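Participant: Residue numbers (the numbering used here), protein chains in the order written: chain A, 1 to 156; chain B, 1 to 156.
Keep in mind the hints are simulated off the structure, nothing from the lab. Here the structure is a predicted model, which means the values were calculated and not measured. Please note: incorrect hints may appear among the correct ones.
Note that identical chains are pooled: a pair holds if it fits in a single copy or bridges any two copies.
Keeping only pairs whose Cα atoms sit at most 20 angstroms apart, straight-line, the calculated EDC-like set for lysine to aspartate or glutamate is [said to hold, decoys possible]:
id	residue 1	residue 2
1	K27	E149
2	K27	E38
3	K137	E23
4	K152	E64
5	K147	E48
6	K152	E41
7	K67	E151
8	K147	E6
9	K147	D78
10	K67	E6
11	K137	E149
12	K67	D37
13	K27	D44
14	K10	D37
15	K105	E60
16	K137	D37
17	K70	E38
18	K70	D131
19	K147	D26
20	K105	E41
21	K105	D120
22	K10	E143
Number of protein chains: 2
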Amino acid sequence: MSFPAELVLKPIGIVQTAAVGDEVRDKSRLSQIIVHDEFAEALDGVSEFSHVFVLFWLHEISDEQRKTLKVHPRGRRDLPLLGIFATRSMFRPNPVGLTLVELVKVEGNVLTVRGLDAFDGTRVLDIKPFDSWDTAKTAKVPEWWTKLEKEKAQPR
Amino acid sequence: MSFPAELVLKPIGIVQTAAVGDEVRDKSRLSQIIVHDEFAEALDGVSEFSHVFVLFWLHEISDEQRKTLKVHPRGRRDLPLLGIFATRSMFRPNPVGLTLVELVKVEGNVLTVRGLDAFDGTRVLDIKPFDSWDTAKTAKVPEWWTKLEKEKAQPR
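Chain A on its own, in the form it takes in the complex:
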């Protein structure tokens, strides 16, 4: 068996969405994931799940941005300066995004999903079914996090 010396990822598909800018954060929006033909067979059975995690390569993060260690969440100076592992910032050593989406429809190699906050052309790395073990019923979060959550819940 040969184990890779470098940890290299290969895109398994690509995101298609009409959303631009902040519109990608709109959790009610639909996007498509076009899975590359060579991986189409690996989708067998996925339509039986209502929710899947999507892992994707965060769009247009530079090598310089990957060196970021601390950020104000969402760039907001009214929130504390934090280590990036305490945030969901896009600027991370390994710019891999993780989003739970609702799986609306699977047609051939095309997945229609709701709530994927990824830009058009984003390279998709993995699709994993949502497991009840992936959730915490009583999670404790910092105050700044709760503040952002409440703002997200506001109607636009």
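Based on these hints, arrange chain B on the given structure of chain A.
Facilitator: Same frame as chain A, but now just chain B:
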């Protein structure tokens, strides 16, 4: 700005655990994540969360195993043959594991976590705080999945 042509990951830390074999699946077990010194600062604020997602490079998956498209979940022939995107199999095009863990303690660059199903020496790629948006209250899963869930819930 320079964007990488290849999607290359760099480990940000390593797993330490006394668990071997199937013991790593024991959700009550503690493991340590030793974050490399250069990323220690990126942990600031993480101790305020009770739960984090850990992304890690699945241990000793060969290039050949990455070409797997279909598996019986857990290698069990009594369960259907499924596309790997409908399973949490380790054999996937991009062998990145995802586990939600309880964050028990943070001391310097060492995180003590509960429920990380990763082997000793596993390379850690990312730590992301758990977001209430990462959960689905009413997720639909296939029958074979529920069957496995029930088995997991049995006391050992």
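Participant: Does each hint fit the structure? Answer for all of them.
Facilitator: Checked hints:
no.: 1; hint: K27 / E149; result: within (13 angstroms within a copy, 28 angstroms between copies)
no.: 2; hint: K27 / E38; result: neither (30 angstroms within a copy, 35 angstroms between copies)
no.: 3; hint: K137 / E23; result: neither (29 angstroms within a copy, 24 angstroms between copies)
no.: 4; hint: K152 / E64; result: neither (29 angstroms within a copy, 43 angstroms between copies)
no.: 5; hint: K147 / E48; result: between (35 angstroms within a copy, 14 angstroms between copies)
no.: 6; hint: K152 / E41; result: neither (37 angstroms within a copy, 28 angstroms between copies)
no.: 7; hint: K67 / E151; result: neither (29 angstroms within a copy, 43 angstroms between copies)
no.: 8; hint: K147 / E6; result: neither (40 angstroms within a copy, 37 angstroms between copies)
no.: 9; hint: K147 / D78; result: within (11 angstroms within a copy, 48 angstroms between copies)
no.: 10; hint: K67 / E6; result: both (19 angstroms within a copy, 17 angstroms between copies)
no.: 11; hint: K137 / E149; result: both (16 angstroms within a copy, 17 angstroms between copies)
no.: 12; hint: K67 / D37; result: between (34 angstroms within a copy, 14 angstroms between copies)
no.: 13; hint: K27 / D44; result: neither (26 angstroms within a copy, 29 angstroms between copies)
no.: 14; hint: K10 / D37; result: within (14 angstroms within a copy, 28 angstroms between copies)
no.: 15; hint: K105 / E60; result: neither (28 angstroms within a copy, 34 angstroms between copies)
no.: 16; hint: K137 / D37; result: neither (38 angstroms within a copy, 32 angstroms between copies)
no.: 17; hint: K70 / E38; result: between (39 angstroms within a copy, 12 angstroms between copies)
no.: 18; hint: K70 / D131; result: between (31 angstroms within a copy, 19 angstroms between copies)
no.: 19; hint: K147 / D26; result: within (18 angstroms within a copy, 35 angstroms between copies)
no.: 20; hint: K105 / E41; result: within (16 angstroms within a copy, 42 angstroms between copies)
no.: 21; hint: K105 / D120; result: within (19 angstroms within a copy, 39 angstroms between copies)
no.: 22; hint: K10 / E143; result: neither (37 angstroms within a copy, 31 angstroms between copies)
Going down the numbered hints, you'll see the structure goes against 2, 3, 4, 6, 7, 8, 13, 15, 16, 22, while the others check out.
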